[in-house]
Amino acid sequence: FLDLSSNKLGELSDSISELTELRSLLLFDNRLRRLPDSISMLKCLTTLWLGRNRLRTIP
1 FLDLSSNKLG ELSDSISELT ELRSLLLFDN RLRRLPDSIS MLKCLTTLWL
51 GRNRLRTIP
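7 is the number that the UniProt record's numbering gives to position 7 of the sequence shown; each next residue is one higher, with no gaps.
FYI, nobody ran anything at the bench for these hints, they're computed from the structure.
Possibly wrong hints are sitting among the right ones.
Simulated pairs of lysine to aspartate or glutamate, EDC-like, Cα-Cα distance not exceeding 20 Å [unchecked claim]:
| no. | residue 1 | residue 2 |
| --- | --- | --- |
| 1 | LYS8 | GLU21 |
| 2 | LYS43 | ASP3 |
| 3 | LYS43 | GLU18 |
| 4 | LYS43 | ASP14 |
| 5 | LYS43 | GLU21 |
Small disclaimer: the values here were computed from a predicted structure and weren't measured.
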């Protein structure tokens, strides 16, 4: 479980893919415009909260 909500994040590092056992990732209420392609490597991820961001596309 990783909660990065409400941190005014503008980007998410590609190294997020190193958290191979991550099941829940909360990114609600940030300033994200894109997600790194490496997020698709999170095979155990079952919960992803992306609301209130500035996303244009999702990989």
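Here is how each hint holds up against the structure:
no., hint, result
1, LYS8 to GLU21, "violated (25 Å)"
2, LYS43 to ASP3, "holds (18 Å)"
3, LYS43 to GLU18, "holds (11 Å)"
4, LYS43 to ASP14, "holds (15 Å)"
5, LYS43 to GLU21, "holds (8 Å)"
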